[in-house]
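For what it's worth, my numbering labels the leading residue of the sequence shown as 319, then goes sequentially.
No wet-lab data here; the hints were simulated from the structure.
Careful, some of the hints might be misleading.
Listed next, the in silico DSSO-like pairs over lysine-lysine satisfying Cα-Cα at most 30 Å (straight line) [what the hints assert, rightly or not]:
hint, residue 1, residue 2
1, Lys467, Lys858
2, Lys860, Lys903
3, Lys612, Lys742
4, Lys922, Lys903
5, Lys690, Lys464
6, Lys735, Lys746
7, Lys797, Lys742
8, Lys952, Lys860
9, Lys848, Lys908
10, Lys335, Lys858
11, Lys922, Lys837
12, Lys745, Lys412
13, Lys740, Lys837
14, Lys740, Lys858
15, Lys455, Lys735
16, Lys740, Lys952
17, Lys690, Lys735
18, Lys848, Lys837
19, Lys908, Lys952
20, Lys474, Lys745
21, Lys837, Lys796
22, Lys612, Lys690
23, Lys690, Lys455
24, Lys745, Lys797
25, Lys690, Lys705
26, Lys848, Lys860
27, Lys690, Lys467
28, Lys705, Lys464
29, Lys908, Lys745
30, Lys742, Lys903
31, Lys908, Lys746
32, Lys735, Lys796
33, Lys903, Lys726
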Amino acid sequence: MENIPFYIQYLHNQPVKIETHFNGELERRRPLTDVGGLVVAFQALPNSPLASTFVDELTLHYVVNGVETNYNSWDPIAALGTNGTVGSSPLIIKSKSGTGQGISSAVSGAPVGSNTGMVSGTFEETADTETTVSLLKYHHIADSLKDDKCVVEIVKIILAVTAGEFSGSSFKNLPFAFLEGSSGSGKSQMGFNIKANIGDRRRVHYLLFDPPGPTSQRIYRNFENISKLFSKCYVADEHMYSPEASSPSCGSLFKESLYMYGFIFELLSNRIQSPTVSIGPKTGKDVQELMTSKGIHQHRPVFILDECIAISDQSLKKVRFVRNCFRSLGLGLVMMGTDSRAAKLQPTTDNGSRSDVPRPWCHVFGEFPAVKLELTGLPSRLPRYLKSIILNSRPLFAQFVAEEIANKVSDFDELMKAAFIKLKSVKKIFGNLYGQLGQVRLFHNAHCQLTDLESQSTNLKNQSTPLIHSHFAQLDGKKTFILMNDGCIQDHSASWEPSSVFPELKNDILLYLLLMGGKGFSACYAGDGKQVPYAHFLMKAKSNPDYRSHILYFSNAAQDSNDGMFLESLLCSTVCLASHSNGVKGIGLKPFLLNLVYQLQIDKPDSEDVSILDLNRLDGITFTVPFLSPPNQKWPDFVQIPGLNFNWLSRARNSEGFLKQQRWN
319 MENIPFYIQY LHNQPVKIET HFNGELERRR PLTDVGGLVV AFQALPNSPL
369 ASTFVDELTL HYVVNGVETN YNSWDPIAAL GTNGTVGSSP LIIKSKSGTG
419 QGISSAVSGA PVGSNTGMVS GTFEETADTE TTVSLLKYHH IADSLKDDKC
469 VVEIVKIILA VTAGEFSGSS FKNLPFAFLE GSSGSGKSQM GFNIKANIGD
519 RRRVHYLLFD PPGPTSQRIY RNFENISKLF SKCYVADEHM YSPEASSPSC
569 GSLFKESLYM YGFIFELLSN RIQSPTVSIG PKTGKDVQEL MTSKGIHQHR
619 PVFILDECIA ISDQSLKKVR FVRNCFRSLG LGLVMMGTDS RAAKLQPTTD
669 NGSRSDVPRP WCHVFGEFPA VKLELTGLPS RLPRYLKSII LNSRPLFAQF
719 VAEEIANKVS DFDELMKAAF IKLKSVKKIF GNLYGQLGQV RLFHNAHCQL
769 TDLESQSTNL KNQSTPLIHS HFAQLDGKKT FILMNDGCIQ DHSASWEPSS
819 VFPELKNDIL LYLLLMGGKG FSACYAGDGK QVPYAHFLMK AKSNPDYRSH
869 ILYFSNAAQD SNDGMFLESL LCSTVCLASH SNGVKGIGLK PFLLNLVYQL
919 QIDKPDSEDV SILDLNRLDG ITFTVPFLSP PNQKWPDFVQ IPGLNFNWLS
969 RARNSEGFLK QQRWN
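Build out the structure end to end from the sequences listed, making use of the hints.
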C-alpha cells in the first residue's frame, strides 16, 4: 500500500498531517493499517492536546455538507478513501472525556457544576507477564537502594508531615515533596525506594497523575487502572479548576463535596470490592473521619504521584487542585515530573497574610541514588573502563548500554550507536524546539547556567526550564532545598528563579557520548528522522518564533562577557561533531574536513554530495583528528577505551589574545 497523508483536527487546533508509512523515527516502521492506529498516531504526537486522554475515548469522524461519518477503530485505512487527505477538509478527532463521559448523572435537572453522579472504574490491575516482571524489577532495586542517604532524607520529611493530630478546622498548610530531575535520572525508581524505606510505618499508594499512553514505560502499565480511575475523578471535579474558577485554597477545598475525596475515601476504606467500583463525591471531613475510625489519623497515608507534567495554564490549575486536595487532608504527598515549574507555582490564594512568617511549602529533592553495577545485571568481570562509564552516568543511559552489552554488542562504537537509537526512540528530543536547543547547548557552554524567559507560545509559557522537560538538563544550584510559601528558598530573600544546566562531563559521561554523535550516527536529525548538518539544525531552531524567548548564549564559555562571536561558536561545535564521525579512534584529516564542510551547510545535502576542491593534495598526510570533548571540558581519566584517540577542545579567553581560537591539546 502506498504512503497516504491524512489531516486530523481536534477542536479549533490546526490540522495535523499523519502519514501512514512513516513515524518520524530513524527506522521505517510497519505502516498504519486501520483507523485505531491512525488515532494512536495522533494521540502520541509531541505536545498533543490529547496526550493524557485514553485512546479508547478517542473517535474519528468526517463531516461533509453537514453530514457526519463515524469510523470504528477496526475499520481499515481503505475505508477512509480520500476523506481527510486535504488539509482544508480534515478528519475530526473527538474525545469522549471532553464531553464529561465517565460520570453517569443520577439527578435530572441538577445545576451545572454540581457533583451528583458516580464515577466507575477499578483498582484491580490486569498486567501481562512482562509488565509484572518490570514491577518486580523495580521492587528488587528498591530493596537495594532504600537505605541510600537521599532516600532516608526524604522519608524523614514525609513521616514528620504525616504524624500527629490534624484538624481541618485548624488547618495548617502542610508541605509536600517534589522530586525534580530530567528523564532517566531515577525519579520513578525513587518512588519505589521511598515506599520500600517506609515499609509498614505508613500506607503508601503509587499512581500516575495521567494514565499511561501507548508509548509509556512498561512499569506504568502496572498502575493503569487505578490511574484511569484517579483521572476520571479529577475530571469529574473540573468545575473546580475551570478557566473561570479561581484557584481554591486547601482550607476552602476541605468543605467541598468532591470526587477526589471520594477516590481517596474508597481507596482507604479497605472494603472488599467487586471488580468495578463506583465513586461518589465526599467531603474532606468524610475522609478525615474515616482515617480516625481506622486509627491512621496520626500516621496518615502517603501518596506518590508520578508523571505530573503541567505545561498549559489549564493543566497547571488542575495540578494545583489535585495537589491541594491531598494537602487539605494532611496526607503525605510526593509529586514528580520533569518540569520544575510544576513545583514552583504557588497557590493563587493562601491562608495567611503577607505579614506572616514564611513557612515551608515544598521540599524539592533533585538527588537520587547513583547507579550500582550489581543492579544492572552485568557481570563483575566487565572491563574497568565500561564499569566506570556506566557508574558515572544516569540510570537510564546505563540501562540502555547494559542491555546492549547483554545483547553481545562488544565494539564500543557499535555499543554507543545501538544505545543512541534506543534512547532516540524513547525521548523525542528532535521533534520540538527545546530538545533541539538542548542538543545545541551540549556543544558549547554545556555547563553554564541558562535562565529561561517565558515563551511567547500560549501552550508553553509556563515551562520555565524546558531543557529539563524536553532534554536532559538539570536544575542549577542546590539539588535539595525547601521552597517557602512566599516563593523564596528557605533563608533567601529573593524569589526562586529556576534555571537549567547540563551536568559536567565526568558526572554524566554517557549523556555526551550518546548525544554528541559517533560512528554511524549523528547529533542532528530533522523531524522526519533524517540526518541533517549542524548549521542547518541550528538555523532551523533559531527560526522558530519561540526561540526569541530562549536565545542561546553564544559567548565564549571561558569568560563572563557576552561578546563571543557566533562564527566562533559555530566552528567550535562543528569541529567537535566532525571529529566524532568515525568513532572514538579518531578520524583522518581528509574525511574530517569533508564532514566539517558538511556540518557547516545551511541546506540539507547528503554527506556524500559534499566535496572540497583539490582535497587530493592532502593524500600524503596521515594526521588523525582525535575524538574531541565538548568545549572547555576534559575527558575524565577513567575513560580508557581500548584504541581510543581522545583529546579536549577549548575556546580561549579574549584576554589571551586578539583572536579567540579553537584548539585541541
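* Can you give the numbers of the hints that this structure goes against, from lowest to highest? -> 1, 2, 3, 20, 21, 22, 29, 31 and 32
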